[in-house]
Amino acid sequence: MSVIVWKKIVQIQWNFLWGGHKSVRKIAWVSWDKVCQSKRDGGLGIIDLRAVNLELLGKWRWRLISGGVGLWRDIILATYGSLFPSPHLGGRLGGLRKASCWWRNVSLLGDPEDAISDWFLEGVAKKVGNGRLTSFWFDPWLDGVPSMSRFQRLFKVSAHSSCMVGDMGSWVEGQWIWVFRWRRDLFVWELNLLESLHEILNHSTISTVEDSWFWMHDPSGHYSVKSAFLALSCSTANEVIFSVEEKRLLPKVWKTWAPSNVAVFSWQLLQDRLPTRQNLWKRGVIGDVSASTCVLCGLEPETADHLFGSCNQISQIWYGILRWLGVELVPSHGVLGFF
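Under the numbering used here, the first residue of the sequence shown carries the number 1108, and numbering increases by one thereafter.
Hints listed in this document are in silico derivations from the structure and should not be mistaken for laboratory results.
Don't take every hint at face value.
[What the hints assert, rightly or not] Below 25 angstroms or equal to it, Euclidean Cα-Cα: the simulated SDA-like pairs (lysine to any residue) are:
(1) 1141 with 1274
(2) 1234 with 1274
(3) 1146 with 1167
(4) 1362 with 1348
(5) 1146 with 1125
(6) 1333 with 1140
(7) 1146 with 1370
(8) 1389 with 1137
(9) 1234 with 1372
(10) 1362 with 1137
(11) 1166 with 1156
(12) 1354 with 1376
(13) 1362 with 1416
(14) 1133 with 1372
(15) 1133 with 1310
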């Protein structure tokens, strides 16, 4: 699925949720990231199609880097000349300027604004054998970090920036010896970087077996759409900010026999995301602050806490309903005091 297609589908989801359409754009009261969180994490549990699109693109990437044979792989190789150094793991973007939209998306997992994080690079690790299929500078084969990122200065002066690991040394009397070539003589401080690089390389092992990739989010080591979706969900969950009270209360909203529309209303209420006059004034729908007072009492600004707690015109009604339901009120004012 291309980036344009899934964006249109997400827009359809958004319009369905908030009731908008092309001619009238409704207010999105809750951020889409929160909406797509699972119910146990405080969200609405709506599937994030952005994550679904990324995980399916990741499946193509996995097939490319993990080897295998196929006509499609031969076509890509014939079209773009080489799959290495892996453009999807830090290669030069210039080689993708004339590439198809699908290949750019597979190589880069969408545009920077579409990517949730560099989750694919963080989820793969390279098991180096003979080094013939591993880019020395671009692939994360040393402690899961590309050498290009860790030693940027050395990469810039390297005469073999596109070489494989197996091309960066040779066997001498049964021992692997690293051989580096530079476009100029290294400065003293660059020699210190080279020494640090050698220290890391001394902990690596070069053998005669073939290189292989390992997917760290699945015990089998193989990429799966399910494990990728869980990895993406975890990365977005860490970015979504809920208050302490929201984290405690929002998951409880769904543990009720109330109709779903009532549960969603409560979910918005607990986040103060209802179209109260105060919220409408904050969003510019009501231009005059004097028009944001409570429609019932006309004494205070119409907020969620006021309507469902402190308004003297309706507080007794809420109190009577809760007493009838057998709900024990906590000594607190506002919406959260009812829960």
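A quick look at each hint next to the structure:
no.: 1; hint: 1141 with 1274; verdict: 48 angstroms, violated
no.: 2; hint: 1234 with 1274; verdict: 17 angstroms, holds
no.: 3; hint: 1146 with 1167; verdict: 30 angstroms, violated
no.: 4; hint: 1362 with 1348; verdict: 22 angstroms, holds
no.: 5; hint: 1146 with 1125; verdict: 18 angstroms, holds
no.: 6; hint: 1333 with 1140; verdict: 19 angstroms, holds
no.: 7; hint: 1146 with 1370; verdict: 11 angstroms, holds
no.: 8; hint: 1389 with 1137; verdict: 15 angstroms, holds
no.: 9; hint: 1234 with 1372; verdict: 51 angstroms, violated
no.: 10; hint: 1362 with 1137; verdict: 21 angstroms, holds
no.: 11; hint: 1166 with 1156; verdict: 15 angstroms, holds
no.: 12; hint: 1354 with 1376; verdict: 14 angstroms, holds
no.: 13; hint: 1362 with 1416; verdict: 23 angstroms, holds
no.: 14; hint: 1133 with 1372; verdict: 17 angstroms, holds
no.: 15; hint: 1133 with 1310; verdict: 58 angstroms, violated
Comparing the model with each earlier hint shows violations of hints 1, 3, 9, 15; every other hint is respected.
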